[in-house]
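S.K.: The lines below spell out each chain.
Protein chains: 2
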Amino acid sequence: MRVESLDIEHEIGKLDWSREPKGLYEPIGYALSAGGKRIRPRLALLGALAVGGAEEKVLPAALALEVFHNFTLLHDDVMDKAEVRRGRPTVHIKWNENTAILSGDQMLIEAYKLLGNVPEDKLAGVLRLFNKMATEVCEGQQLDVDYELQEHVTIADYMKMIRLKTSVLLATALQIGAYIADGTEAEQQALYEYGINLGLAFQIQDDYLDCFGDPATFGKAIGGDIREGKKTWLWLSALQKEQHLQTLCGKDVAKTLRVYEESGVKEAAEKEIARLTALAVDNLGVLKDSPAKVELIQLAEKLLNRKS
Amino acid sequence: MRVESLDIEHEIGKLDWSREPKGLYEPIGYALSAGGKRIRPRLALLGALAVGGAEEKVLPAALALEVFHNFTLLHDDVMDKAEVRRGRPTVHIKWNENTAILSGDQMLIEAYKLLGNVPEDKLAGVLRLFNKMATEVCEGQQLDVDYELQEHVTIADYMKMIRLKTSVLLATALQIGAYIADGTEAEQQALYEYGINLGLAFQIQDDYLDCFGDPATFGKAIGGDIREGKKTWLWLSALQKEQHLQTLCGKDVAKTLRVYEESGVKEAAEKEIARLTALAVDNLGVLKDSPAKVELIQLAEKLLNRKS
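Chains as they are written, first to last, in numbering that gives the first Met the number 0: chain A, 0 to 307; chain B, 0 to 307.
Worth flagging that the hints you see were computed from the coordinates, not collected in a lab.
Straight line, CA to CA, 25 Å or less: simulated BS3-like cross-link-like pairs of lysine-lysine:
1. B:Lys230 x B:Lys250
2. B:Lys301 x B:Lys36
3. A:Lys131 x B:Lys13
4. B:Lys80 x A:Lys80
5. A:Lys80 x B:Lys21
6. B:Lys21 x A:Lys131
7. B:Lys131 x A:Lys13
8. B:Lys80 x A:Lys21
9. A:Lys21 x B:Lys159
10. B:Lys131 x A:Lys131
11. B:Lys93 x A:Lys80
12. B:Lys21 x A:Lys159
13. A:Lys21 x B:Lys229
14. A:Lys93 x B:Lys80
15. B:Lys21 x A:Lys229
16. B:Lys121 x A:Lys56
17. A:Lys21 x B:Lys131
18. B:Lys131 x A:Lys121
19. A:Lys131 x B:Lys56
20. B:Lys131 x A:Lys56
21. B:Lys230 x A:Lys21
Next up, chain A with everything else stripped away, as it sits in the complex:
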């Protein structure tokens, strides 16, 4: 069930990137037109609806969150030298690296321009929440880089990193929506925590599907993380049980998957995803019943059962 409301895709399409100089704005329009689930602006609207507020006032912040998210993708793709995003060449491939840097910078500024349209009595508060979130996302990205080079990474380290890199943006989207719509502190906090747990579950599910997804529906080759030597939740959990994992499996997908199954790591991941999803749903307990609350619960459940 999806609450009838503002069409985010349509609102994003109304943003005008035909401005001059074209070299600056065209890549922004390109990056934003790639689609995606638009989950962050949707969460901002649901944050407002879930506390009984109107979503119109939240729209500028919702759009700012989506533009910010796409800014992080644009710069992350440069840093990761990723060549494809959502089936199309990334901006630094289609144009060049300097364009990706400068248009990315402008996208971050555009996010703050959209925030400028937040109702004035809420502006200082929204700016504070947004800045805290943006800082944490950059810190999470830095930790991700650090962990690649760092020999000892614990599961706690990993959880901290995905919390910053993925969860806080979802959580802050919900909180900002509730804040603008005059939700109580308790409601804002509950929605924030729901977003945190949803993000953690989502990321571990990502790691899980990379190993155990159905090749027919997953969309990319199974075992990419293993081949790249990524320190995922599954890898770090297996490492706790088997210190010599690296020597035993190297980057061999079949061997690693066997260890994950035989050591119970696969099952542990399933349990952890289910636990975090249940926690997220529990967090919503303080909210009054509403169609928005139902949508949030279904979103968590859909996540648990997704195949790609």
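Once you've looked at the hints, dock chain B against the given chain A.
M.R.: Below, chain B alone, put in the same frame as chain A:
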């Protein structure tokens, strides 16, 4: 004469960059500790003082402007592959390119965090002015890139580019200072225009010194712009008089300088710098006399007579 007031260098030094993760924050501290004239925050404070206001309220915005300026230098240095800045290795040389991108992003966010400390009744207005400025600076940088590849660039094009890339940041610093200090619309506009003209004069003076500066005091080799084939004010002016300039001079410094002298372009540049400086001083006419106004006038005159 320098008005006794807040010590910007000291205030910048109080910003704490010892936070974790170090890989994100150390480069920011490094970039901000390089010194420089701190002209932009000084202009913000002078904007307040010149309209009879107190400078303390302007401090957060003044710091935001300096952090923003250094963010643009950091990313520009990546894009220009510049290896040295203020006598030290640039961030992407001392660390790496990805660090320069991500720490630069965080610097831009830090600028907005500082803006969050602007008095709440002025926040929406300051955010609007700051966002407009930041957008124009990126547009100016893009035009600079575009003009390198573009065959026909007029002096009007060039003036538009340096207005966006250099002047609007100086102008907006002054305007924001005056705005926070409750200056009238006319005062704000006068200070803004002063900043625009000051910036234009400064940039053309930069081009001029690159050709006719005293090698003993200029700090770098004379003729760098000519050797790089840059479309400066002098080059574009000479091109108006001599269509075959490229064929005649190529990138030969001595030949080009001779054309600049013989065609009157050198003298025209001197006149243009003096004209813009006089315009800047004229813009201050609507302000009441004050030590801050005297400092602004002296700043423009010092600029006119600078050797490096």
